[in-house]
Amino acid sequence: MFERFVAWEQDRHGYARAWKERTGGKVLGYFCTYLPEEIPYAAGVLPVRILGSHEPQDVTEAHIFGMFCPFCRDCLAQGLKGRYDYLDGIAIAQSCLHIRQAFGSWQQHVPVGYSYYLPFPHGVQSAHATPYLAGEIAAFRRSIEAWTGREISDESLAGAIGVYNENRRLLREVYELRKASPPPLTGEEAMEVVLADQMVDKADHSEVLRQLLPELADRRLERRDDVRLMLIGSEDDDVPFIHMVESLSAVVVTDEHCTGTRYFWNEVEPNGDLNAALAARYVARPPCPSKDWPRRTRIPHVLQLARDWDVKGAILIQQKFCDPHELDIPALTTALEAEGIRTLFLEFDVTVPLGQARIRVEAFLEMLRQEDIFADDLYAG
Amino acid sequence: MAGTTRYPTAPLKCWDKAKELRKTYYEEYRTAHERGALRWGGGAWSLGAIPAGLGRDVCSLTSEPYAASIAWDRKFSIECMEAVEKRGYARDLCSYMRNYWGSLLLDRYAFGGTFPKPDFIWQDHICCSHAKWYQVVTDLEPEIPHFSIDVSVGPYRELTENRLAYVVAQMHEGIAWLEKVTGRSYDDGLLIEAVENECRSTSLWAEVCTLNKAVPAPLDEKSMYSLYVLGTLMKHDRRVADFYAELRDEVADRVTRGIAACGNERCRVMSDTQPPWAFLDLFRYLEDFGCVSVGSLYTFGLIGVWEVKEDGAWGPRATPKEKGITLTDRDHALRILADWNLSKPEWQHFYSPHLKSEMMIRIAREWSLDGVMVHYNRGCEGLTIGIAENRLALLEAGFPVMTFEGNMGDEREFDRGRTLARIDAFMERLGLRRIVA
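Protein chains in written order, with my numbering: chain U, 1 to 381; chain Y, 1001 to 1437.
Incorrect hints may have been included.
What follows is a list of derived Cβ distance ranges for each label pair [said to hold, decoys possible]:
1. Y/Asp1139 with U/Glu366: 24 to 34 Å
2. U/Gly149 with Y/Ala1397: 30 to 40 Å
3. U/Glu337 with Y/Pro1142: 50 to 60 Å
4. U/Asp372 with Y/Arg1422: 54 to 64 Å
No lab work stands behind these hints, which were simulated from the structure alone. Using N, Cα and C, we set each Cβ at its ideal position, and we do this for glycine too.
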């Protein structure tokens, strides 16, 4: 049922190369999910997210100081090792300082024909962010047109928005099914679906999602007693980690990170000005902590997800040295605990020591199960 | 580099005045409420000229230099760090931020008494930690209102009307917000005056730094820290602009008379990023070898505003007044203020390490440097971004580079002995032996 998504995720480079051969189009690697992918897609370009490979490496020490997050170094390592040698260009929408370094070093040391830095606003809560971003999207659109030699008409952009919106709707439908107890898919399976989404043509992905949804409706997993968990945090594409967690009679039912819900949660609402519509969508999306200020809008969103998906515990995962997340974690932990949702904080590196993590997760789950045993309603009568 | 040339030295005449200005700044902030004056908190890069329009009695506590003052007091700094760590904040976060939060949590002001809480927060945001810093402050002190301006609109060389307009629009909104939270009406005349002062002071500081191209250097970097700090406290204040004019004249006179900061100068280096504030004696150790650090992009460009002059060299950016521009109204003043700040050298590297490398190589060439000491500063992700690429670029440009790892504000992450050993090796590489035992 999930074989196609797993194959795409595991052979991301093979897919992109085959796509190029099949379509003759260009492939654009991007470094952060704030990039409005609809723009290159409308010009016939395949946007693919650059992710790490979770292998120890020794090629980035000369380029990125070790106090920056392992994820940005892992991403750069992929470029330095030539794993993305099929890319025709790279782009970044301004996000955290960490991943910007991967982009900057890639520009300098990994030859590509095109690169673009989109100065995405950090002040997304400002009323001025959307008009500003609309202007920047217009500039990005002109740049992509010049690079590809293809005009991005409103018609083609509306088409791209339609493809992306449909994909977002389908992913939301998959996540809606996870509200069931037990959910019809595991967290690992859901992660494979979303990860693949960042690597392949949305039209291909949606086609498989459309086949998947009715099959899921009839699927029953024997995981009724599993503890319902949520993953919150930094970028997380660590499939072995979630596999380990779910091997311990737990099931991850939702998430709040950029290889999960933050990526696809809201849709573009097309209006007369498509640049403005795109800007409104990207400004209003569930924010990365680096953009969530001065108010903490992440917290009510996370709590709502936890309530709606009936979450018992939350694992807060944080890429080591990720300052924006470190700045959110105390407030987030306090808010979750106040809501009765227990938390486990784990720091992630390129490779996660599964043995150590397993002991901590087991202890966390034991605590949650004890709370279930001693819950007040069991004493009633 | 051979030889042991000796130059005359003399203390700076305006040194005590700089110290007095700094002391007055912290005291005025502490006692502001006794006079019915306003206090705001925000970063050293905050657009302080804007709240100046609320009246002549507006005082600020800029958090980075305040936190650096705490760092210098190692015992207090450790107490601050531990107080913050007890609250669950990671110890690899910005050490300025942690010193500042610790001072707030412990309710102790580094200059005596309890922590003087600001009436409002006026911050800008280019580093990921900037607005988040004060978001945590409002977590701890929810009654303090907070306004931050996003200035992360890309490098100055690519500035467009759309980008400038975004910053200016936020400034206008900020003024309305200031009126609302303070209950005061806004005086555009005071804003215009403050913008003119800021342009003057930051240009003058760049002029002072330009004078350090001279051999021997009239100023050493350790001394410059005590001078540039005034620009981080209140760059929009006439007192600072006037002081920098006086300093410029004195430094120019030192150049004319060949007065050196280091009498044994025979080798010139620059540093990079904030130094480990509790260990500034490193710079004096260099002088034992006849090596003087003449500044850095940090010292020059954190506050100084620069431009490429007609001869192709770096020099102070001409102020609007010098260009014959008269600020006419609020919008005009805000546009000038935004444009001026967006050209700040230390704001450019947030977008690409290569922009910073270009500036560092320019300094290395124009200030006649023999080498570069790069501080891999674990305490500041904002100024350390891209630092490894800067090292590679400097090496490629032919400048020897020494790196040392440390932390500007958390002494637990600085190994003094190891750093001195590295300096020894670097000096040896530059062909220097200790002159002073």
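For each hint, the structure was consulted:
no. : hint                                : in the structure
1   : Y/Asp1139 with U/Glu366: 24 to 34 Å : holds (31 Å)
2   : U/Gly149 with Y/Ala1397: 30 to 40 Å : holds (36 Å)
3   : U/Glu337 with Y/Pro1142: 50 to 60 Å : violated (18 Å)
4   : U/Asp372 with Y/Arg1422: 54 to 64 Å : holds (56 Å)
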